[in-house]
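Novice: In case you want the letters, here they are:
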Amino acid sequence: MRFVIALPFLWLGIFFLLPFALVLVIALGTNAPDSVPPVALGFSLKNFTLLFTDDLYLAAWLTSLRIAATSTVVALLLGYPMAYAIARAAPARRPLLLMLVVLPFWTSFLIRVYAWMGLLADNGLLEQFLRWTGLAENPPTIIGTEWAIQLGIVYAYLPFMVLPLYAVLEKLDASLLEAAADLGARPVAAFLTITLPLSLPGIVAGCLLVFIPAVGEFVIPDLLGGTETLMIGKVLWDEFFTNGDWALASAVAICLLALLAGPIALFQRQQSRSLERRT
Amino acid sequence: MIGRARFAFTVLGFGYAFLYLPLVLVMLYSFNESRLVTVWGGFSTKWWGALFTNDAMLQAAWLSLRIAAVSATLAAVVGLAAGYALSRAPSFPGRGLFGGLVIAPMVMPEVVMGISMLLLFVGAERLFGGPERGFLTIVLAHTTFSIAFVAIVVQARLADFDRSLEEAAMDLGATPWVTFLTVTLPLIAPAVGSGWLLAFTLSLDDLILTQFVAGAQSQTLPMRVYSSVRLGVDPQINVLATVIVAVAACALVLSGWLTRRKA
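Heads up: the protein sequence lines correspond to chains X and U, in order. Just so it is clear: in the first sequence, position 210 is 200 by the working numbering, and no numbers are missing. Residues are numbered in the working numbering as their position in the second sequence, beginning at 1, plus a constant of 4.
Just chain X, same shape as in the assembly (with noise of 0.2 Å):
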């Protein structure tokens, strides 16, 4: 058994765990463009402020904030009604409802933000559609647009909803709604009480594992954003493959992850509960 737990606690002490000491040691130094690797340690908090005074980082924190909150929300509201409608399916038909949910999620992640390429580029498929059934005359260019990068967002993450709020939906007890109903509560009271305040824990699951990846997004928004809305996820992106310093982007990951740091928390432990609830 000691083996057994110093295998997978030895290999991500030192990837993953280490790493993250790095990168702290590497947010405290400074920018040198001149030497190999571009960074001169120190002591410097000057990443940090200018992290926390700049306009255009703090816009990008909170950009990024509102975009993922925006889309867990748009994601959750839509992927309730569709994990409820699974649960209440044929047992039989389940199986392959649920199927067709993960089935993009086996596919590739750039592949699906690219289908969105075609459909909203500048007279791309979605405007021509919008102008052949007259819709519209002179429909907007989506893509380079917040909006694009939220439906993107939902788009991505729609199946990491569905699936926890289905695991939830699926096992709660029907005889707990039928007594509802004998007792006299209409559909939507016992919809509000009974089925709502049982499928918590799987909304805090599916939201969580929406929210925390969106935040630090940077494929969604380097594909479909426009230049000037900046996530905190593409400045760290473009602040070390294109200007190279290693100090500075090191920094921003520091911040995103004490940012997050709540939320993934909240996570693990919501984890191990539903699996020890299972022992």
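None of these hints come from the bench; they were simulated from the model. All C-beta atoms, glycine included, are put in the ideal place defined by N, C-alpha and C. Do not take every clue at face value.
If you want a taste of the chain X side facing chain U, the calculated C-beta under 7 Å gives, among others [to be verified]:
hint, residue
1, ILE(-5)
2, MET89
3, ALA111
Here are the in silico distance ranges between beta carbons for each label pair [stated by the list, open to error]:
hint, chain 1, residue 1, chain 2, residue 2, range
4, X, ILE4, U, GLU37, 45 to 55 Å
5, X, GLU168, U, ALA21, 42 to 52 Å
6, X, PRO27, U, ALA73, 27 to 37 Å
7, X, GLY216, U, GLU37, 42 to 52 Å
8, X, THR123, U, GLY260, 51 to 61 Å
9, X, GLY216, U, ALA128, 31 to 41 Å
10, U, ALA93, X, LEU7, 15 to 25 Å
11, U, GLY98, X, ASN233, 37 to 47 Å
12, X, ARG176, U, GLU37, 52 to 62 Å
13, X, LEU7, U, ALA250, 37 to 47 Å
14, X, SER165, U, ARG70, 26 to 36 Å
Residues of chain U clear of chain X, computed beta-carbon distances all greater than 12 Å [as the list claims (entries may be wrong)]:
hint, residue
15, THR49
16, PHE56
17, ALA85
Given the structure of chain X, go ahead and fit chain U onto it with the hints provided.
Specialist: This is chain U only, laid out in the frame that chain X set:
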């Protein structure tokens, strides 16, 4: 009750349309004559020919498949150990940290993991002179974030597992290792298998982590796709998308059929 169910099923239908319409259109336009992906210029298979003679793309795909196979296998071994420890060792020093370490990579923003792993490899290069960035570093990075997924599948399988079989083996004199190899492992093999498949898919699809830790020489399939897609829509990518969706659908149908036959 009826009204609510009807509403939910309507949303479900809309949800499926939302999920599949973009993919169907991408697949359809892989047979487009025109270079422009937004204009239909008639039926053609020329982009299919172009993709399957695109050496750079094929090499990248081959590299990605090799990386995915190795990292999924490593992740299956380490993830099996992690899931087993989480489920069978209720308390040991550092268990809280251990549980957190196992699950955290699942939700960690990829850009954060990417930069941290790159710094680790740069540090190792300075201290020990290696490993050189490329195949090995990509495999190590992919393994690290896939462990969580294998561990969770294994832990869930062990949670509804009949312990009396293991106890019987032990009573008959089998050592813990022998019991594990002859009783436990065969019974949880399907979970390890689906964990492996999950890790394989995640590795095959990863862009961000790979971009950070890959050296100048190694270009994986997602890196190729990304650099081509950045410049705009490209019919060859539509072909690739069609292939990927077809393979994923076949794999899912096959695994669904296998599990149903077993049940």
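Novice: Just pull the numbers of the violated hints for me, sorted ascending.
Specialist: 5, 7, 8, 14, 17
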